[in-house]
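There are 2 protein chains.
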Amino acid sequence: MNEAQQARLAMRRGEWTGPTVYKIPGYVQCNLVVLPKADAYEFLLYCQRNPRPCPLIDVTDPGDPTPRLAAPDADLRTDLPRYAVYRHGVRCDDVTDIKALWREDSVGFLIGSSLTFDDALERAGVPKSQEVWVLNTTLPTTPAGKFQGPMVVTMRWMTPAQAVIAGQLTGRFPYNHGAPIHLGDPHAIGADLDHPIYGEPVKTIPNGVMPVFWACGVTPQRVALTTKPELMITHAPGHAFITDLRADQVCIP
Amino acid sequence: MNEAQQARLAMRRGEWTGPTVYKIPGYVQCNLVVLPKADAYEFLLYCQRNPRPCPLIDVTDPGDPTPRLAAPDADLRTDLPRYAVYRHGVRCDDVTDIKALWREDSVGFLIGSSLTFDDALERAGVPKSQEVWVLNTTLPTTPAGKFQGPMVVTMRWMTPAQAVIAGQLTGRFPYNHGAPIHLGDPHAIGADLDHPIYGEPVKTIPNGVMPVFWACGVTPQRVALTTKPELMITHAPGHAFITDLRADQVCIP
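Sequences listed follow chains Y and L, in order.
Read in my numbering, the first sequence has 58 at position 78, and its numbers run on one by one without any break.
Read in my numbering, the second sequence has 203 at position 223, and its numbers run on one by one without any break.
Isolated chain Y (complex conformation) (with noise of 0.2 angstroms):
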């Protein structure tokens, strides 16, 4: 049994429900979205024209719970630590399973995470930031029928020499977000730090640092927020899927 295997029966006995963040490094984690069957070619296409906060990695058939290409022997029901539940666009529950809001007609989609390069970085000599967060930004999307809103974006603090190597490093993983998305100042973006998505607010930035973003696949709770499906289910931020992809196999697909 891998890693990744081991962390999701941990997180199917409910013995792991904390977050993923640099945890099992050097697997692919994944953001995760389920919407009815009604509402998943919208989805899908949504994704298609913004791959860079929505990198599909598996997309499930209605119904099935497996995720076959990115861990054939895993159920999205169960082996994520925490699951946020929105109905109507509004966050109402987390939850650490959702067997009981498993529909016959559930679509589930793996979205690469940010998460999957740290380890990278961490080895081309980019030591890990203290902190990952994710922030709302004023960068908008494109729309795909009723899905539509601004970006959602991961900010880690460098020097810029991590910074440009973290640029050229996080260019050979598309699937994962690819690279920055901006660097620097924070307002450019309309990036919210008071109000963190995931993380602590930050009052301010250290000296010899510089945030670099990258777009972040919590993008669609977001976007759910505008658009309002009856349903969507998403892994809560932080608390992301682990795939049974290796990060340097699938960094050039």
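Calculated directly from the structure, the hints in this document are not laboratory data.
Misleading hints may appear alongside valid ones.
Note: identical chains are not told apart, hence a pair may lie in one copy or across any two.
[What the hints assert, rightly or not] When the alpha-carbon atoms are kept at most 27 angstroms apart in a straight line, the in silico DSSO-like pairs for lysine-lysine are as follows:
#, residue 1, residue 2
1, K3, K208
2, K208, K126
3, K108, K183
4, K3, K126
5, K108, K3
6, K208, K79
7, K79, K3
8, K17, K79
9, K126, K17
10, K208, K17
11, K3, K17
With chain Y's structure known, arrange chain L on it following the hints.
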């Protein structure tokens, strides 16, 4: 008016009905697939599951013949030099416009083409091979609903040194099939040299060169033979859609 717009206008007027191979260098060329909305979800999923042969550049809204991301003033009904019309899996007609076949529920899929990177290869020191072949293989693709079948590839002849450069360079073009899918022995992937889809039958491979193979966006046309959708319109092999996108700008999108 840019060179791509001029080329499309010549096609729209019926003045350009020949191949686009090696034409209008620097612009992203695309394979076309047009399907009724009823088949669009499964085909979109097929592309998502097979990004090497079917990297999606743009997908139109139902009934809308304009690819708004790739070429906002183009018309997919007239702006290709030649189309192939498949009915129930049979290629029954080749035409130079599809105005009479376009329906209110038609969805156009633009799939990146390896014709895009020939110019970049030349700039990197790999001269254009005398010919580009399009060949059937026995390599399987990942099914999605009714869409399934073996992969189609392009073949170019290169010296080993050129093949190494081509591997490095085309890996930077994931939206135009990325790195080679195979090099060397054509029989290892069941490449049918006797009956090319595009190009002359290959009797012998010259000394000093090796065949290099890329996944090809003509794959959906081979898939149509198996899937037999009621109506599927594609570009004729070698006769691609020329977008406004610059190849160098989308090499890492």
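Verification of the supplied hints:
With identical chains, the CA atoms of K3 and K208 are never at most 27 angstroms apart, being 32 angstroms at best within one copy and 46 angstroms at best between copies. In this assembly of identical chains, the alpha carbons of K208 and K126 lie at most 27 angstroms apart only when taken from the same copy (9 angstroms versus 31 angstroms across copies). When the C-alpha separation of K108 and K183 is checked against a cutoff of 27 angstroms, the pair qualifies only within one copy, where the shortest distance is 20 angstroms, while the shortest distance between copies is 56 angstroms. For the identical chains of this complex, K3 and K126 are neighbours neither inside a copy (35 angstroms) nor across copies (38 angstroms), given an alpha-carbon limit of 27 angstroms.
Proximity of K108 and K3 under a CA criterion of 27 angstroms is satisfied intra-copy only: 12 angstroms inside one chain copy versus 46 angstroms between copies. With identical chains, the CA atoms of K208 and K79 are at most 27 angstroms apart within one copy only, with a shortest distance of 22 angstroms there and 37 angstroms across copies. Within a single copy, K79 and K3 get their C-alpha atoms as close as 25 angstroms, which meets the 27 angstroms cut-off; across copies the closest is 54 angstroms, which misses it. In the homo-oligomer, the alpha carbons of K17 and K79 lie at most 27 angstroms apart inside one protomer (17 angstroms), although the nearest pairing across protomers, at 32 angstroms, exceeds that limit.
In this homomeric assembly, K126 and K17 come within 27 angstroms of each other (Cα to Cα) both inside a single copy, at 15 angstroms, and across copies, at 17 angstroms. For the homomeric pair K208 and K17, the shortest alpha-carbon distances inside one copy (15 angstroms) and between copies (24 angstroms) are both at most 27 angstroms. For a Cα distance limit of 27 angstroms, the shortest separation of K3 from K17 qualifies neither inside one copy, at 32 angstroms, nor across copies, at 42 angstroms.
Going down the numbered hints, you'll see the structure goes against 1, 4 and 11, while the others check out.
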